[in-house]
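These protein sequences, in sequence, are chains D and B. The opening residue of the first sequence carries number 1 in full-length UniProt numbering; numbering runs sequentially from there. The opening residue of the second sequence carries number 1 in full-length UniProt numbering; numbering runs sequentially from there.
These are calculated hints, taken from the structure and not from any lab test. Remember, predicted model here, so these are calculated numbers, not experimental data. Even for Gly, the Cβ is constructed at its ideal location relative to N, Cα and C. Treat the hints with caution; some may be incorrect.
[What the hints assert, rightly or not] Below, in silico cross-link-like pairs of lysine-lysine (DSBU-like), each with a Cα-Cα straight-line distance of 35 Å or less: (1) B:K118 <-> B:K82; (2) B:K75 <-> B:K85; (3) D:K53 <-> D:K74; (4) D:K99 <-> D:K73; (5) D:K74 <-> B:K112; (6) B:K157 <-> B:K64; (7) D:K32 <-> B:K83; (8) B:K157 <-> D:K99; (9) B:K83 <-> B:K174; (10) D:K83 <-> B:K26; (11) B:K99 <-> D:K63; (12) B:K99 <-> B:K109; (13) B:K57 <-> D:K63; (14) D:K73 <-> B:K110; (15) B:K55 <-> D:K97; (16) B:K26 <-> B:K112; (17) B:K55 <-> B:K26; (18) B:K149 <-> D:K63; (19) B:K48 <-> D:K73; (20) D:K74 <-> B:K157; (21) B:K55 <-> D:K53.
[To be verified] Under 10 Å between C-beta atoms, here's a sample of chain D residues computed to sit facing chain B: (22) A55; (23) G64; (24) W66; (25) F92; (26) H93.
[Said to hold, decoys possible] Beta-carbon label-pair distances, calculated as ranges: (27) D:M75 <-> B:K110: 38 to 48 Å; (28) B:H168 <-> D:A103: 29 to 39 Å; (29) B:D122 <-> D:V51: 34 to 44 Å; (30) B:K57 <-> D:V68: 41 to 51 Å; (31) D:T81 <-> B:E89: 52 to 62 Å; (32) B:K64 <-> D:K74: 24 to 34 Å; (33) D:E24 <-> B:R105: 45 to 55 Å; (34) D:E24 <-> B:A115: 49 to 59 Å; (35) B:K107 <-> D:M69: 30 to 40 Å; (36) D:E24 <-> B:K95: 39 to 49 Å.
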Amino acid sequence: MRFAWLLPAAAVLFAAGVASASAETITVTIDKLVFSPAEISVKAGDTVEWVNKDALAHTATVKGGWEVMIPPKKMASRVMTAKDTVDYYCRFHPNMKGKITVAP
Amino acid sequence: MFIRPFAALAMLGVLAAPTFADAADKPTDPQIAHIAYTAGVIDIEAAKLAVSKSKTKAVVDFAKDMLRDHEAVNKQALDLVKKLKVTPEDNDTSKALTKAAKAERAKLKKLKGAAFDKAYIDNEVAYHKQVDGALETLLIPSAQNAELKSLLETGLKIFQGHEMHAEHVAAGLK
Ligand SMILES: [Cu+2]
């Protein structure tokens, strides 16, 4: 059983491979205080990436939930879970609004 | 979802009339640039006062947000006027804004604690509303240069956002 140690490692690699094969990255661009697209549909395990083109800091904030800080001219991301069908807004500019729907 | 138009007009009548009445003639681009920059500087000054005086985290955080945003926007404004070779020109509207802001700061300086927090945040709501009105009805329609107009339009969204943010903070203080 010299190679027994390989088995768990292979299992981990396999699992990671499966996850990354189906998980996608969905990009939301922020330009002049607008999230676009404002509404996105994702699957659990997908990553939402916000690309901020403004010289201002923004957030993606879920009331009573999570918050992602998006620094000026930078990007930030979050892996979505099955529970993340949410409306979100920017805490600094609450007139900025977006929506995420997690498809089953 | 924004402000009801009639309420906004009523606010304009009450708040904007004294300060912006002198600008019945269309301001020129150099004047508009000066007014927009001045409006930012006024909010920066108020924010600095709040950071130094308030002991309430929500108020200090809000003031720091104002500082950061308005400094960033004013830097963009300076870069733009440099690029366009426009020299911002002082004018009656800028002077009236500065004068009113000075009086407001003097009033705020005398207050402490919860009274200061409330007065600062209430003024932030009123002030942003006033600037929104001026941008919408006077500055944006008067701007000739497309890039200046575009910067003012982004500025309007920022000011509207700040107004909502200030309203959220005000609701939290009660
Ligand atoms: Cu924002």
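Hint check results:
For the hint linking B:K118 to B:K82, the alpha-carbon distance of about 38 Å lies beyond 35 Å, and the restraint is violated. Among the hinted pairs, B:K75 with B:K85 is consistent with the structure: their alpha-carbon atoms are about 15 Å apart, no more than 35 Å. For the proposed pair D:K53 and D:K74, the alpha carbon gap of about 7 Å is at most 35 Å, so the pair holds. Of the pairs offered as hints, the one joining D:K99 and D:K73 holds, with about 22 Å between alpha carbons and a cut-off of 35 Å not exceeded.
A threshold of 35 Å between alpha carbons decides the hint, and for D:K74 with B:K112 the separation of about 38 Å lies outside it, so the pair is violated. With a C-alpha separation of about 19 Å, the suggested pair B:K157 and B:K64 falls inside the 35 Å cut-off, and the hint holds. Restraint check for D:K32 and B:K83: the C-alpha separation of about 20 Å stays at or below 35 Å, so the hint holds. With a C-alpha separation of about 19 Å, the suggested pairing of B:K157 with D:K99 holds against the 35 Å cut-off.
Taking the CA atoms of B:K83 and B:K174, the gap is about 46 Å. The hint is violated against a cut of 35 Å. Proximity of D:K83 to B:K26 is assessed by CA-CA distance (about 53 Å); at most 35 Å being required, the pair is judged violated. Between B:K99 and D:K63, the direct Cα distance comes to roughly 39 Å. Violation of the 35 Å bound is thereby established for this hinted pair. At most 35 Å may separate the alpha-carbon atoms for a hinted pair to count; B:K99 and B:K109 meet this at roughly 16 Å.
Using a Cα cut-off of 35 Å, the hinted pair B:K57 and D:K63 holds, with the two alpha carbons roughly 19 Å apart. Of the pairs offered as hints, the one joining D:K73 and B:K110 is violated, with about 39 Å between alpha carbons and a cut-off of 35 Å exceeded. The hinted pair formed by B:K55 and D:K97 meets the criterion: a straight-line CA distance of about 30 Å does not exceed 35 Å. For the suggested pair B:K26 and B:K112, the alpha carbons sit about 40 Å apart, so the restraint of at most 35 Å is broken.
Between B:K55 and B:K26, the direct Cα distance comes to roughly 43 Å. Violation of the 35 Å bound is thereby established for this hinted pair. Proximity of B:K149 to D:K63 is assessed by CA-CA distance (about 33 Å); at most 35 Å being required, the pair is judged to hold. Proximity of B:K48 to D:K73 is assessed by CA-CA distance (about 25 Å); at most 35 Å being required, the pair is judged to hold. Simply put, D:K74 and B:K157 have alpha-carbon atoms about 20 Å apart, close enough for the 35 Å limit, and the pair holds.
Between the alpha carbons of B:K55 and D:K53 the distance comes to roughly 34 Å, so the proposed pair stays at or under 35 Å and holds. Against a cut-off of 10 Å between C-beta atoms, the interface hint on D:A55 holds, since the closest Cβ of chain B lies about 5 Å away. For D:G64, the interface hint is violated, the least distance from its beta-carbon to any beta-carbon of chain B being 14 Å, above 10 Å. Checking D:W66 against chain B: minimum C-beta separation of about 18 Å lies over 10 Å; hint violated.
Hint on D:F92 holds. Least Cβ distance to chain B is approximately 5 Å, under the 10 Å limit. At its closest, the beta carbon of D:H93 sits 3 Å from a beta carbon of chain B; the interface hint therefore holds under the 10 Å criterion. Separation of D:M75 from B:K110 is about 45 Å and conforms to the stated range, judged on CB atoms against 38 to 48 Å. The hinted window of 29 to 39 Å between B:H168 and D:A103 holds, with their beta carbons roughly 31 Å apart.
In this structure the hint that B:D122 and D:V51 lie 34 to 44 Å apart at CB holds, the actual value being about 36 Å. A beta carbon spacing of about 21 Å between B:K57 and D:V68 contradicts the range 41 to 51 Å that was offered as a hint. Checking the proposed 52 to 62 Å range against D:T81 and B:E89 shows it holds: the Cβ atoms sit about 55 Å from each other. For B:K64 and D:K74, the Cβ-Cβ distance of about 19 Å falls outside the hinted range of 24 to 34 Å, so the restraint is violated.
The supplied range of 45 to 55 Å is met by D:E24 and B:R105, whose beta-carbon atoms lie about 51 Å from each other. Distance hint check: the CB atoms of D:E24 and B:A115 are about 52 Å apart, consistent with the given range 49 to 59 Å. At roughly 34 Å, the beta carbons of B:K107 and D:M69 sit within the given window of 30 to 40 Å. The hinted range of 39 to 49 Å is not satisfied by D:E24 and B:K95, whose Cβ atoms lie roughly 55 Å apart.
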